[in-house]
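Undergrad: Given next are the chains, with one letter for each unit.
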Amino acid sequence: DAGVTQSPTHLIKTRGQQVTLRCSPKSGHDTVSWYQQALGQGPQFIFQYYEEEERQRGNFPDRFSGHQFPNYSSELNVNALLLGDSALYLCASSFWEAGNTIYFGEGSWLTVV
Amino acid sequence: KQEVTQIPAALSVPEGENLVLNCSFTDSAIYNLQWFRQDPGKGLTSLLLIQSSQREQTSGRLNASLDKSSGRSTLYIAASQPGDSATYLCAVSNQAGTALIFGKGTTLSVSS
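Residue numbers (our numbering), protein chains in the order written: chain A, 1 to 113; chain B, 1 to 112.
Hint data in this document are derived by calculation from the structure and do not stem from the laboratory. Treat the hints loosely; a few may be bogus.
Per the computed footprint, the stretches of chain A lying under chain B, defined by three or more beta-carbons under 8 Å from a beta-carbon of chain B, are [stated by the list, open to error]:
#1 18 to 31
#2 103 to 111
Facing chain B, from chain A, some residues (calculated, C-beta under 10 Å) [unchecked claim]:
#3 S7
#4 F45
#5 F47
#6 F64
#7 F69
#8 S94
#9 E97
The beta-carbon is built from N, C-alpha and C at its ideal position, and this holds for glycine as well.
Kindly generate the complete structure, drawing on both the sequences and the hints.
TA: Next up, the structure:
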């Protein structure tokens, strides 16, 4: 049973560019959440998707957007990259009805230069 | 606004020692609290989940307690081993299925 998988694992982008990160949830899970973790900090919630709709959003600008597909996989898009967007981006999946058990992927390391 | 604080930020202990990590939160109206482990550059692994109605949870050498009224949780690690070296993160959820609010973590180093 595959856990949460994320791609790419590492990437380097230039300031002003756009990036797309991908996530496949654990088998059977229907809810995907995205978190940003800067060095030395705890993860911060970006948004959550269920039934292809954004259900909750953290305190992130509109440059951060997402999508959930019918197979429950998800994408995180960041436009007009800033140096401060450099971080580990974590995807987490869960079962909406359960609301408790959450599984994290290994993350995507984004470096903006 | 819920805030989570973890003390200490870093801890170094010799192998075999018992230790306690602390977590505090400002709003006691939580749904649950979780402790996670994160190895350098890796994702998070859930260690223990405590529902708001529970007082503690145990898994092997780990024991987590929750005191909602005082806004505190502790993670007790018995007989520490070098393999326990990692960052331990505490997170609370205010409602079922909602966003987790994390502390900054405690980085533990266990020397052999």
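Undergrad: Taking the least C-beta to C-beta distance, is F47(A) closer than 10 Å to chain B?
TA: holds, 9 Å
Undergrad: At a threshold of 10 Å, is the proposed contact between S94(A) and chain B supported by beta-carbon distances?
TA: holds, 7 Å
Undergrad: Is the shortest C-beta separation between F45(A) and chain B less than 10 Å?
TA: Given a least distance of 4 Å, the restraint on F45(A) holds.
Undergrad: Just to be careful: measuring from the Cβ of S7(A) to every Cβ in chain B, is the smallest value less than 10 Å?
TA: violated, 13 Å
Undergrad: With a cut-off of 10 Å, does the beta carbon of F64(A) approach a beta carbon of chain B closely enough for the hint to hold?
TA: At about 14 Å, which exceeds the 10 Å cut-off, the nearest Cβ of chain B leaves the hint on F64(A) violated.
Undergrad: Just to make sure I understand the rule, a stretch counts as covered if three or more of its residues have a C-beta closer than 8 Å to a C-beta of the chain. Does the region 103 to 111 of chain A meet that for chain B?
TA: holds (count 6)
Undergrad: Take the region 18 to 31 of chain A, compare each residue's beta carbon with every beta carbon of chain B, and decide whether three or more fall closer than 8 Å.
TA: Violated, because only 1 residues of the region 18 to 31 of chain A bring their Cβ atoms closer than 8 Å to Cβ atoms of chain B.
Undergrad: Can the hint on E97(A) be confirmed by a CB-to-CB distance to chain B that is less than 10 Å?
TA: Since chain B brings a Cβ to about 8 Å from E97(A), closer than 10 Å, the hint holds.
Undergrad: Does the nearest C-beta of chain B fall within a distance shorter than 10 Å of the C-beta of F69(A)?
TA: violated, 20 Å
This entry does not satisfy hints 1, 3, 6 and 7, going by the numbered hints stated previously.
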